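Place chains B, C and D on chain A using the hints.
Residue numbers (full-length UniProt numbering), protein chains in the order written: chain A, 1 to 392; chain B, 1 to 392; chain C, 1 to 392; chain D, 1 to 392.
A hint or two may mislead.
To be verified - Cβ pair distances, simulated, as ranges:
| id | chain 1 | residue 1 | chain 2 | residue 2 | range |
| --- | --- | --- | --- | --- | --- |
| 1 | C | Ala285 | A | Gly157 | 50 to 56 angstroms |
| 2 | D | Leu392 | B | Gly320 | 45 to 51 angstroms |
| 3 | B | Glu284 | D | Asp158 | 29 to 35 angstroms |
As the list claims (entries may be wrong) - Looking from chain B toward chain A, a few residues come up when the C-beta cut is under 7 angstroms (computed):
| id | residue |
| --- | --- |
| 4 | Gly28 |
| 5 | Leu36 |
| 6 | Thr37 |
| 7 | Gly117 |
| 8 | Ala237 |
| 9 | Leu319 |
| 10 | Met325 |
| 11 | Phe327 |
| 12 | Thr328 |
| 13 | Cys332 |
| 14 | Leu378 |
| 15 | Cys389 |
| 16 | Ser390 |
| 17 | Leu392 |
Hint data in this document are derived by calculation from the structure and do not stem from the laboratory.
From a predicted model like this one, the values you see are computed outputs, not experimental measurements.
Quick reminder that beta carbons are idealized off the backbone N, C-alpha and C, glycines included.
Protein chains: 4
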Amino acid sequence: MTGDREAPRTGLWLVGARGSVATTVMVGTAALRAGLTRTTGLVAELPELAGTGLPEVADLVVGGHDLGTAPLVKRAESLGEGGVLPMRLVPLVHDELEAAEQRLRPGYDAASGEPQGEALARLQGDLESFRDEHGLVRVVVVDVASTEPPVDAAALGDPHSALNDLDTLDAALAAGESPLPASSLYALAAYRAGCAYVSFTPSPGPRLPALEQAAERAGVPWAGSDGKTGETLVKSALAPMFATRALQVRSWASYNMLGGGDGATLADPAAAASKTASKSAGLEAIVGHPVDGPMHIDHVPDLGDWKTAMDHISFEGFLGVRMTMQFTWSGCDSALAAPLVIDLARLIARAHEAGRVGAQSAFGFFFKDPAGTDEHRLSAQWDALVAWCSEL
Amino acid sequence: MTGDREAPRTGLWLVGARGSVATTVMVGTAALRAGLTRTTGLVAELPELAGTGLPEVADLVVGGHDLGTAPLVKRAESLGEGGVLPMRLVPLVHDELEAAEQRLRPGYDAASGEPQGEALARLQGDLESFRDEHGLVRVVVVDVASTEPPVDAAALGDPHSALNDLDTLDAALAAGESPLPASSLYALAAYRAGCAYVSFTPSPGPRLPALEQAAERAGVPWAGSDGKTGETLVKSALAPMFATRALQVRSWASYNMLGGGDGATLADPAAAASKTASKSAGLEAIVGHPVDGPMHIDHVPDLGDWKTAMDHISFEGFLGVRMTMQFTWSGCDSALAAPLVIDLARLIARAHEAGRVGAQSAFGFFFKDPAGTDEHRLSAQWDALVAWCSEL
Amino acid sequence: MTGDREAPRTGLWLVGARGSVATTVMVGTAALRAGLTRTTGLVAELPELAGTGLPEVADLVVGGHDLGTAPLVKRAESLGEGGVLPMRLVPLVHDELEAAEQRLRPGYDAASGEPQGEALARLQGDLESFRDEHGLVRVVVVDVASTEPPVDAAALGDPHSALNDLDTLDAALAAGESPLPASSLYALAAYRAGCAYVSFTPSPGPRLPALEQAAERAGVPWAGSDGKTGETLVKSALAPMFATRALQVRSWASYNMLGGGDGATLADPAAAASKTASKSAGLEAIVGHPVDGPMHIDHVPDLGDWKTAMDHISFEGFLGVRMTMQFTWSGCDSALAAPLVIDLARLIARAHEAGRVGAQSAFGFFFKDPAGTDEHRLSAQWDALVAWCSEL
Amino acid sequence: MTGDREAPRTGLWLVGARGSVATTVMVGTAALRAGLTRTTGLVAELPELAGTGLPEVADLVVGGHDLGTAPLVKRAESLGEGGVLPMRLVPLVHDELEAAEQRLRPGYDAASGEPQGEALARLQGDLESFRDEHGLVRVVVVDVASTEPPVDAAALGDPHSALNDLDTLDAALAAGESPLPASSLYALAAYRAGCAYVSFTPSPGPRLPALEQAAERAGVPWAGSDGKTGETLVKSALAPMFATRALQVRSWASYNMLGGGDGATLADPAAAASKTASKSAGLEAIVGHPVDGPMHIDHVPDLGDWKTAMDHISFEGFLGVRMTMQFTWSGCDSALAAPLVIDLARLIARAHEAGRVGAQSAFGFFFKDPAGTDEHRLSAQWDALVAWCSEL
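If we strip away everything but chain A, and leave its shape as in the complex, we get (with noise of 0.2 angstroms):
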């Protein structure tokens, strides 16, 4: 742009700065914006969804909270080294990524014992200073932070519960208690600081009924969970396809291996819980009726940020016929995530922009579990998608 108005910038706050997936939206908008790459990967880029408004990947300006300390640029030399984006990239975006690093603030560490009251107060002060400091318009929080575990059933059965009840939650943390999942704090600090909150994990982050509540108190919206990247996208692709030709799904058993950090943090059976259940929503919706199969997720440290999943379909066709379907699906993790979690980053700002209030269930095409809605068709999604940008 060479006018002497500059275009207002957006602030993109990663929770869980220093992962795979954020360090390749580091390096990747750095690279965007020097023109080094081309926008595969990039919905927000495809001529349906284009001119709708969204803030440019140019007038992005990152930042975010790590528990960390592993140096941006050592990440990213990795992740070169790992075949997640060309080497040659990483020089290039150097000074980017140094500069980055200076927009990184340290996270909230439930094991720090640190009183949440006071983590929220942090975060949220840290989530205005960056607003401020760069003069941004807005400035939205995407977490891609690893996946916790599912919150306690009872607790979540029980209407007074800090968990279920914004009110009760706000006394809870004025009390000097700690009620919440790290996730939940860091989406409660995003609406305390005014700004839109997206979940691109299977955390429990904006589905608590208390923090729905905070949102709408706060204006904002919100979008969510679980990017929708590798098997579970293929599904959903899929599985209409049996639905429409009227032909029964028998069984769908589903293998995945991960190698990279969400693997690891998933062979912790209670964080896997979370990813399981979000995994398998989806199938039986499109296809009407429960189907039986296996879902494993296993981490084999051997692939590295690479992901790989084995799919076994039986189904049945007309006169009682048995046939069968097999998919292997390898795909990069975070060179799946990462364009997504740009694309969402100025969907949920160009929502925030028209004033939008809460769960935005026109992103559901982006998640394996999307909120405020229950299609998980993926055209019907994309068709969503599209409408929703032409309607701004």
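Quick look at chains B, C and D alone, frame taken from chain A:
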């Protein structure tokens, strides 16, 4: 049905009436009528299409043309042995098959020397007699015969050719010439008898300009071509996933193994040319650019009526990262095709009843090479079909 | 045979005699005797093993123990409907199945409270009566019953346990105790009746030290364990390829889906423990180092008697380049197991005739967890089997 | 090495010295010499072959012929970008590549019009100079150039052809004729220079009768043909499993996708004829009967130096039950081939040292179309190789 009044009956005339697909249609309609099987595979029985005034399966009367003489009961037993349909059904529908046997007539054999003008009159007469003898409210013709080679490109390029101009064609037939492929002669006979026509094969059939004129002049609807039952079906469900996620498909290799009758036909490169052209069209239309990669159709007799497709897809994501997907589809050709033939018979009969004329583009859901539309995305085709039904 | 001298007949006694494998063995031996089928799947009919004095299939008489009462003919019809064997065979071998039905006896049910000492005498008596009534030259016992859990490690660790010392065991039985897993009780009954024994399952059976002593003392041969019929078979053929090409196997993920009876049994984690231990052993022995990667055995009832394995292998080549291989194996469990049971019966009978005693390590070709040897490479096992036969 | 005496050095002369395989050989030998990589992929480093007096990798000096002029360093960088070898290695072996660059000489180009008699003298001179200048104890020549079409069957059928009789060949060359395929001219030059020869491609090379005579007369050993690195390797490991289990292979479909240089060459049907013939031979030899099923080799440029094979096997078991297996092999062609080239160079050098003459049938382990033997089973080939080494 509430009274003593019988529902009006519709004729389903199959070209290639002793083939595997046709035999499965006959066993299937008889089994459905007798309550011996479920409606799995029948698209027109799905809730979205129900209640739109289609003729009931129980009200279909099946007849047809064929060059061979193998008894239907023998064909059905052979399909039972090959696992294409449950052997237990064959004795239960034996009488229905014997009755259908009586409704079959000799087809047109180009090698016989019968002038096409005479054959036309004969085939047309067969259709009219079928309608009259059985008191059918209307007859629809569906081509499920072996695939023919494409017509000569030079003939198609000449606007004065009998293939391109109906008056020229009629004059040629009157002069004792035989310019048409057999599939087109059947279509012409249907139109002259006032029947709607469906081309379930990639043969030229109704796609020649002179035939399009004939359907218009006769005021009847038609649909085609080439039933989408296997690999191309999967492609049309999967390719939009890559397109809407902005993932660049770099190559898509398509390996098809067929054992049955059409497998042998397609071992002839000339006939295969029809098929591979029809299979390739959709992918590029969906992703919006040419896609590299081999497509083979191989005859593997040991597979019997089963067909297996193995596809390998290489695609590129964010920052140029290369990823892959493979799938294997093992389906029973006739079990996949037969219910669609029944669906199409009911739909084109309803179109005829509703006064529709010419290519029915809303039926593209069923075809590899849909007439009257460039839409190849399965879900968009589904939406168009549902809309068409709800409009009526 | 037309001479007046009948060939000596050998008894094949099946533990689990009404199961799918056993029923397939009975249909198969009857069909072979009647010339109704070919010898496909029968290893002992290959030229390399022919002429080594094994009893003929036609000279086998089949009997067995089972806890259930489902008639063999019904079981055979059910297998025919599931595609495990050709339905046309069932009526043709009906009389043979009825005759075999008369040779079945009630098995030992640990839940019944029958003291094992009494059960031992009863089972032994059944074997001796079978041999006497049918004038059999010898009887071999093959265990094809459901998989049992492994025995308690603590008991195995105690040298004075009844599992580890035959005299202690005999004293315990005499004292009315019931210390053995059922599979081992069957083995002990076989030895006491002077019969050779084959364990085709991963159950403890003959592998307990006390049982090894019992076989020695009885002077009979035995073989086991756990028939190698599917994924592990493929592994034992493929893994040596990686080893001899100096390609480093980095991970090998093994996903198994089973529909049939053993699938349900293996849904019990305790029983599955026997199976996964037995499946894992070979790979590391072949490649010479531990190999990462998940192994799952899932019960998918819709698959019936079929089992599908999907494996993903990641390996490293020259200069550290990473490559992958996947395979899918779709096999019919009983059709794969039954001919091996027949082979083993003939081989162990020959071993018995030749005076061999104890674990027959040369039969490792047939087993996932071969007794008496660490050799898991399929081709080396084949060479050992051929050598054993030619030595006799 | 214990003293100041240097080990004798062996020359490895590569025909096609600037190709992907040759470049990987040069990078690899340099990296091994410098201790920068492990011996993964090197068969001759396995314990079974160690200590049999092969020349050390560190004692190989590499030179070669090529028609092109692309600098080796550029080729290596390009392979690094394609993931064929680690990019980090290229600068570390830069000096070695520059040195090797000086040892390359222009190859023979049939299109140049150079009479083959003159070319023979030139190529032979290059080999002798290489040996003399570097003080090499011997030189072995390995052909890794592009695949040539098979020679004309008519010429091969004529016993007086120059291809079939060495004296006729020499007379033709003396008369200024050029009757040989280029690959055979290189082999002849090797023999005339007293060098052993290995054909790693399916080109005619040393397989013509006149060439076999030339090797005999020169008293040198040779080996070939067509390195077994991918789908055929897997076949030769898997097919014996079916054979020894008496499972009847009914069809085996072989689909190969290649991206790199040889992929483009093989898009020429004439050249592909050499390859498919060489790939098909083994399967039938192993299972003992003809096997139906297509074999395709397709050029898919987007795959780069990678090759993917997708195979579908249909087989029959006991009582005629049909089962299937599929596999997908995704390998890096040069990473698989290069270590075998190094292995073969060391082995053939040892054969030469030991006075062996003619086709070395014990090296069949490495080849799709092994000279001097019909043994295609991988494990039997391995046993033969180990035996050969231990005999020396």
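Structure-based check of each hint:
1. The hint said 50 to 56 angstroms for the Cβ distance between Ala285 (chain C) and Gly157 (chain A), and at roughly 51 angstroms that hint holds.
2. Between Leu392 (chain D) and Gly320 (chain B) the beta carbons are some 50 angstroms apart, a value that agrees with the proposed interval 45 to 51 angstroms.
3. Roughly 50 angstroms separates the CB atoms of Glu284 (chain B) and Asp158 (chain D), a value that falls outside the hinted 29 to 35 angstroms.
4. A distance limit of 7 angstroms between C-beta atoms decides the matter here; for Gly28 (chain B) the minimum to chain A is near 6 angstroms, and the interface restraint holds.
5. Violation of the interface hint for Leu36 (chain B) is found here, the shortest Cβ-Cβ separation to chain A being roughly 9 angstroms, above the 7 angstroms cut-off.
6. Interface restraint check for Thr37 (chain B): the shortest CB-CB distance to chain A comes to about 5 angstroms, inside 7 angstroms, so the restraint holds.
7. For Gly117 (chain B), the interface hint is violated, since its Cβ never comes within 7 angstroms of a Cβ in chain A; the closest pair sits about 39 angstroms apart.
8. Hint on Ala237 (chain B) holds. Least Cβ distance to chain A is approximately 4 angstroms, under the 7 angstroms limit.
9. With 7 angstroms as the threshold, the beta carbon of Leu319 (chain B) comes within range of chain A, its nearest partner Cβ sitting at about 5 angstroms, so the hint holds.
10. The interface hint given for Met325 (chain B) holds, since its Cβ lies 5 angstroms from the closest Cβ of chain A, which is under the 7 angstroms cut-off.
11. At a threshold of 7 angstroms, the smallest CB-CB gap from Phe327 (chain B) to chain A is about 4 angstroms, leaving the interface hint in force.
12. For Thr328 (chain B), the shortest C-beta to C-beta distance to chain A is roughly 5 angstroms, which falls under 7 angstroms, so the interface hint holds.
13. Restraint check, Cys332 (chain B) versus chain A: the minimum CB separation of about 5 angstroms is within 7 angstroms; hint holds.
14. Interface restraint check: Leu378 (chain B) against chain A, minimum CB-CB distance 6 angstroms, threshold 7 angstroms, status holds.
15. Interface hint at Cys389 (chain B): violated, since its Cβ lies 13 angstroms from the closest Cβ of chain A, which is beyond the 7 angstroms cut-off.
16. For Ser390 (chain B), the suggested interface contact is broken, since its CB lies about 15 angstroms from the closest CB of chain A, more than 7 angstroms.
17. Interface hint at Leu392 (chain B): violated, since its Cβ lies 19 angstroms from the closest Cβ of chain A, which is beyond the 7 angstroms cut-off.
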